[in-house]
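Peer 1: For the protein sequence lines, the chains are G and P, in the order given.
This note's numbering numbers the first residue of the first sequence as 1 and each following residue consecutively.
This note's numbering numbers the first residue of the second sequence as 1 and each following residue consecutively.
It is worth saying that the hints were derived from the structure and are not from the lab.
For every residue, glycine included, the Cβ atom is placed at its ideal position computed from N, Cα and C.
Some hints here could point you the wrong way.
Only some residues are given here: those of chain G computed to face chain P with a beta carbon under 10 Å [what the hints assert, rightly or not]:
| hint | residue |
| --- | --- |
| 1 | A41 |
| 2 | P42 |
| 3 | Y174 |
| 4 | L194 |
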Amino acid sequence: MVERIAIALREARRDLTPTAAVCLVIISLVLLAAILAPFLAPYREGEILTTGSFVSPGDGLLLGSDYLGRDLFSRLFYGLRLTVVVSFMIAFLAFLVGCSLGFLAAVLGGRFDMLISRLVDALIAFPAIMLALIVLTALGPSIPVLVVTIAFIDSTRVFRVARALGVDIVVQDYIEAATVRGERFGWLMWHEILPNALVPLAAEFGIRFTYAILFISALSFLGLGVQPPQADLGVLIRENMQGLLYGTFSPLYPALCIAAITVSINLLVDWYLRRNDAASPEDLQ
Amino acid sequence: MTSNVIDVRNLSVDAIAKRGERTPIVQDVSFSVAPGRVVALIGESGSGKTTISLACLGYTRPGCAFRGGEILLDGSDVLQFDLARRQQIRGVDISYVAQSAAASFNSSLSINHQVTEIPLIRNLMSRDDATRKAAALYGELDLPSPETIGRRYPHQVSGGQLQRLMAAMAMMCSPKLLILDEPTTALDVTTQIEVLQAFKNLVRENQTSAIYVSHDLAVVAQIADEILVLKDGRMVEYGSTETIITVPRQDYTRQLIAAAHVMPAEVKQRASSGDGAPLLSVSGVTAGYGRQREVPALRDVSLDVRVAETVGVIGESGSGKSTLGRVISGLMTPWKGETLLRGEPLAASLKQRTRDELRDVQIVFQMADVALNPRHTVAKILGRPLAFYFGADRKAIESRVGELLELVGLDPAFARRLPRELSGGQKQRVNLARALAADPQLIICDEITSALDTVVAEAILDLLVSLQDRLNVAYIFISHDISTIARIADRVAVMRDGEIVESGPTAEVLRPPHHDYTDLLVRSVPDLKVGWLETVMEHRRRTGQQAAGN
Chain G
1 MVERIAIALR EARRDLTPTA AVCLVIISLV LLAAILAPFL APYREGEILT TGSFVSPGDG
61 LLLGSDYLGR DLFSRLFYGL RLTVVVSFMI AFLAFLVGCS LGFLAAVLGG RFDMLISRLV
121 DALIAFPAIM LALIVLTALG PSIPVLVVTI AFIDSTRVFR VARALGVDIV VQDYIEAATV
181 RGERFGWLMW HEILPNALVP LAAEFGIRFT YAILFISALS FLGLGVQPPQ ADLGVLIREN
241 MQGLLYGTFS PLYPALCIAA ITVSINLLVD WYLRRNDAAS PEDLQ
Chain P
1 MTSNVIDVRN LSVDAIAKRG ERTPIVQDVS FSVAPGRVVA LIGESGSGKT TISLACLGYT
61 RPGCAFRGGE ILLDGSDVLQ FDLARRQQIR GVDISYVAQS AAASFNSSLS INHQVTEIPL
121 IRNLMSRDDA TRKAAALYGE LDLPSPETIG RRYPHQVSGG QLQRLMAAMA MMCSPKLLIL
181 DEPTTALDVT TQIEVLQAFK NLVRENQTSA IYVSHDLAVV AQIADEILVL KDGRMVEYGS
241 TETIITVPRQ DYTRQLIAAA HVMPAEVKQR ASSGDGAPLL SVSGVTAGYG RQREVPALRD
301 VSLDVRVAET VGVIGESGSG KSTLGRVISG LMTPWKGETL LRGEPLAASL KQRTRDELRD
361 VQIVFQMADV ALNPRHTVAK ILGRPLAFYF GADRKAIESR VGELLELVGL DPAFARRLPR
421 ELSGGQKQRV NLARALAADP QLIICDEITS ALDTVVAEAI LDLLVSLQDR LNVAYIFISH
481 DISTIARIAD RVAVMRDGEI VESGPTAEVL RPPHHDYTDL LVRSVPDLKV GWLETVMEHR
541 RRTGQQAAGN
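Could you build the full structure based on these sequences and the hints that come with them?
Peer 2: This is how it looks when you write it as structure tokens:
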């Protein structure tokens, strides 16, 4: 097993394109910054350092101060951390629910499939942002509510992907061979179907992760996401919007972070899919 | 030399891996086709026969490239042509008939639309002329109602008809060279000889040259003037058909001849240990598809299998032979009738069967490629039934997997491999080992040798026989290939349209006199003799026999 992973890693390194390499570096830096935020940030998250709003960079404040005189550079670390952690939780939860139900629908088929697929269709018919706004207004914005709500909405999208993949795999002879052996749903779903759906699902995870980042940033920007004094990247943009009037770049830094992460993940997913899809003829020539 | 339609000289083709490493797949192949002659390329899969035939069109599959040699079409080298020039000759001077017509036709366009496409896009004929010519070709190919069949859609004609329609498509521009790539492999035996006869007439009447690609020597003997035997991309032997099949010079050619699907000269009755009470007994089973039970596939079928006995089930596609296997294994619930295992009724659906009942009846699927989970190692594939049925611990599984691999003639080191790292024959052995892992009383073999090359299939059959001697396991051997059944089965059941038309000890069923349908099947197995086809067609005309489903 270890041997196989080592070989796979070596092959992946050989196939790495310059774009993919850059993306990988950016994502690694973002993850590192998120994990080590308390150690890397020069100041604490809520520490007010100056009395002036939107102080220009310099004097120990690398990117200047925000509207309350807090260090923008430090807040950026914490914002990044919160965004990454919350988005990851959302994507993970969405996949757990979406894949389980999707595979189950593929394996069981018939009425169960019909029922749950139509239910998902109905949910998908609602605009995601509206649905989220309604739930968050009703239940009040807190991080657990935020995570569960968005994960729930996202899981309907994951369900469709997982079910489509599952339906293709379920008709293969090796599934029939397992069925005739007497295997139950659990084995079929996690041992027979999942390994064969892993490549497209991994790509889908990357995409869902970026959507989650964009989604919570949008909600936070609208004021229904993360609540002050905590800040994610969306909150940072909203708080510092006025900075533009005073001629500072302060809201642009968190915006740049969001763009860098989502674009990098997208490009990396593209590279990953192309690498695993040797069947497409233009790649071979 | 220039009088030849095509001269292939020292052709070499490489496969190029992702990182630019080149592996030769065709090396130094030379042959030529004279006007009106048919040259056959014969060999196992991977012998490069399709690659060579595609090369004649100036085409390589993605990931391959020409390394050297020349292909002279009327004296000019196809390989030197640019793409535009190559496209000009394709379909006009040289045309290609692919193996699976069913996969090559567009199901949403009418047949005429597709058959007349090439002359129309090249502006060689008007639509009316093209349609008329197509109808004439349909007539030549013995297709029913040649004037109107072209208006149908591909799903409205049979597989054998579709294959002939594809030949009509290839003949539209009266090409100098027709390339037929395994055109009858996917067809039933009774249909195969009709298609073969149609191709033969077509080539003779139009004075077309042809390259016929096949793995089946007996089929090739009926149509080819010359045979080129290939192995691993190299020429083994090249000569006239008569010489190759009567006085082969190379060992490999002899091996191919020995493995050819011909009826054994005499059907021997195997000394069966199988008397006494039946191990499995199917009685009065009726089963089929459709929610309202509108499509019956089995009608009142009864069958007994005794301990350590091989029962051959033979029939053409659509005869219900695979459905029978599915009903016995529990994959399909019959509408009526029951299955007894050692006298005890076996639950109809899988969910109600006990683990021991499941264990006792194993099924081996036709396509080893898709029957093994591509993401599982061989160790996991074989280990799972051990854990599932016997609750074996990790150590026991590991040693048993090694034993199983040795049992089917593979190195225990194969345990670490993934299915894609195995050859077709090796995959089928693993497939068989998975069934053996359950230590079953009965193994249902559903066309397990059909997708394999003749030489490899031969080895699998030998393995089945030796396993039976050692393990006392019974087989239900489902196949469309009567020559295989004749070799392996103790008793035979002949199926047609969901019913067993004849059954009994192999020697009795397969030695004359036969039931009418059995006779048709037996007579349709090509013999390794030049001129066999004519004899059979003559016999058919006299007796008025017609193949089913055509």
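Peer 1: Does G/L194 pass the interface check with chain P, least Cβ-Cβ distance below 10 Å?
Peer 2: 9 Å, holds
Peer 1: Quick check on the hint: G/A41 CB to chain P CB, less than 10 Å?
Peer 2: Violated, about 43 Å.
Peer 1: Should the hint that G/Y174 touches chain P count as held when the rule is a Cβ pair under 10 Å?
Peer 2: Where the cut-off is 10 Å and the nearest Cβ of chain P is about 4 Å from G/Y174, the hint holds.
Peer 1: Tell me if the interface restraint on G/P42 is satisfied: Cβ within less than 10 Å of some Cβ in chain P.
Peer 2: 46 Å, violated
Consistency note: the structure conflicts with the earlier hints numbered 1 and 2.
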